[in-house]
Amino acid sequence: MYIYDAFDRRLLAERVLEFRDQVSRRLSGELSEEEFKPLRLMNGVYLQLHAYMLRIAIPYGTLSTLQLRKLAEIARKYDRGYGHFTTRQNIQFHWIKLAELPDAMAELASVGMHGMQTSGNNVRNITTDQWAGVAPDEIEDPRIWAELIRQHVTLHPEFSFMPRKFKIAVGASHRDRAALRIHDMALRLHRNAAGETGFEVMVGGGLGRTPYLAQTIKPFLPKRDALSYVEAVLRTYNQFGRRDNIWKARIKILVHDLGAEAFAKEVEGEWQSIKDGALVLEPAMVADIAGRFRYPDYKKLDDSPPELVAARRNDRVFDAWLSNCVTNHKVPGYAIVTLSLKPEGGTPGDCTAAQMDKLADLADRYSFGEVRVGHEQNLALPHVAQRDLPALWRELDAIGLAQTNVNLISDIISCPGLDYCSLANARSIPIAQEITRRFHDLDRQRNLGRLHINISGCINACGHHHVGHIGILGVEKNGEEFYQITLGGKADENATLGTLIGPAVPYAQVADVVEDIAAAYLDLRDQAGELFIDTVKRIGIEPFRERVYAAR
Amino acid sequence: MPLVENGQIVQDRYRYAGDEEPIPGRVPVIVPAQRFLTDTDALIRRDGSLGVLWPNDRRIAELAPWLGHLALVALQFPKFRDGRAYSQARLLRETYGFRGTLRATGDVLRDQFHFLIRAGFDSFEVKKPADATAFVQAASRYSVVYQPTADGRVPALRRRVQRAAPSES
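First to last, the protein sequences are chains A and B.
The numbering of the first sequence is this note's numbering, which starts it at 52 and goes up by one.
The numbering of the second sequence is this note's numbering, which starts it at 2 and goes up by one.
Next up, chain A with everything else stripped away, as it sits in the complex (with noise of 0.2 Å):
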């Protein structure tokens, strides 16, 4: 958990007070709309179908108690009582009030959080994976280094006009678990042949109308290198990408456009020449940065002790729930619990002020004070002692956060959709619950196993369909709301991009699809019991597109 000191306590101070001032100014009329709307966008704040949403930034996904309460308390005093949960480990409040907006971000600031730049033309929140600093197969925590480039990118002179946002992830793994290659810019931990640990960079990657996959342009950047790269990389893209059509603004566009070769000539010539100035990280600096992440004081404990085990062989429900939920730490005798915010017919990633709360009770007691959020809209505690695991489990299941279908076709990404975007074509959310309740039953949703479902309300895809092992497009025909299937996208280590099935279905039909998907894949997989991204690997989309448009 990092640590804010005196610098960040007191910019995010100045910024709330910018922001108080811009806010009076257009409630008096001496901004117009036009020339507000860019201020407010880099602060998070989104002018929606119904209200004024903020989108709060959650820096690598990383939250302390403290931090989750405030969020609770705004929820609760300037909101319905509830938060929802995004891809980007960012919350969003969906009823704010305009005038009430500079109070609320004071009270976000006195816990050290910010909508700063969770919108607008900038460099957005940095992610990472989930799980930094307690899985077992990183090199090391990848949050330092997002720190280091969230400061960096914060309030940039130069790169706050850009030609459109800009997404950076970090990871730290050969396990992708911060889906790296659809960001605009990612950076991987790795060792080279000589040991040293370095970076992969990779550029261009996004989804949207246009998807790409980022591309690798440095295989190794030595760490004392990575904000000057990272300059170089945004000034390239600052001067030379796109600005006459919104829809080629991204830098993937200009990856594409000039070759990931080209894009990386440029970007190597700019570099050179800032690369020994005053963005080298000295070893000083990161130490201090790395200094201000605390981390837990764990006991020496051992793995599976015997009052989990008894527990396990005791309770068929709490086994299911520890095989699906549950994680194994890179410390002996500990866990990472995942929690997930899909319960039946609920909303994807929606949680509400009185589970924030518990759940904050419940990670001071069993997770040192931490809470995790991840892209997938679920929740973590990163560091629970494993002989806690059943006593959390019946606390968990009285808030309504044990809910095992982590990882199952249940436990659907999904963006807020026409029900709230004013850039949405369909509904998302509703197509979320009719097919958590087709598959309510358990063992039907074990039987089909690890299955990701994405469903987006449009083309802008927040809702990352095409690396959904089942995605799904809301577009609108002729005044109604159809969908567009395609199978076998992911986000992992081995990103691809999904394939379309064939011509979209009504709303009515949607979860029907989806059923019919399912039915083939059990007739499908091998004898050994595939995962269903493998059988479509293995035999194609043509049999599942046979199942689905035979009776159609």
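Don't read these hints as lab results, they were simulated from the structure.
Cβ atoms here follow ideal geometry from the backbone N, Cα and C, with glycine treated the same way.
Hints may be right or wrong, so weigh each one.
One side only, chain A facing chain B, incomplete, derived with CB under 10 Å [as the list claims (entries may be wrong)]:
#1 Gly171
#2 Glu209
#3 Leu278
#4 Ala338
Fit chain B to the given chain A structure using the hints.
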């Protein structure tokens, strides 16, 4: 449109010359990029301060060989949201070492002052009179910065290792 320099509204000593019109001797002028590039020799031999208005979609590197002859470079913000000239400004100051006046023109509003100053601008054609009046206040909004630029302010990353804490407010 008020001009702000050194935190104050000042009279513009320069006048803009178009592509064709004759330039009177010794008067400080700002000429369009195309005219400068076509008529470089005559313009730089002329007695009188010379400025160039450089478009934001042309590489600033093209201007680099002539910077020693220029007293002013004016960069353009056709829209508030079009931020290409921030990169041009930093390149001029930090890569090419330009020490003359760097002027921001176009859609220049109060909420950009902090960024413009940090990028190296020191002359501002401000669109709204009220913004020009509020210049000093808007420009001194932030006492902490996270990036090193040509303005010489020490970023937090370096101040931390120098153990110089800011005063809490």
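The hints, checked one at a time:
1. For Gly171 of chain A, the interface hint holds, since its Cβ comes within 10 Å of a Cβ in chain B; the closest pair sits about 9 Å apart.
2. Annotation: Glu209 of chain A was flagged as interfacial toward chain B, and the flag holds, the nearest CB pair being 4 Å apart, inside 10 Å.
3. The closest approach between the C-beta of Leu278 of chain A and any C-beta of chain B is roughly 9 Å, which is under the 10 Å cut-off, so the hint is satisfied.
4. Taken as an interface hint, Ala338 of chain A checks out: its beta carbon lies about 9 Å from the nearest beta carbon of chain B, inside 10 Å.
The structure meets every hint from the earlier list without exception.
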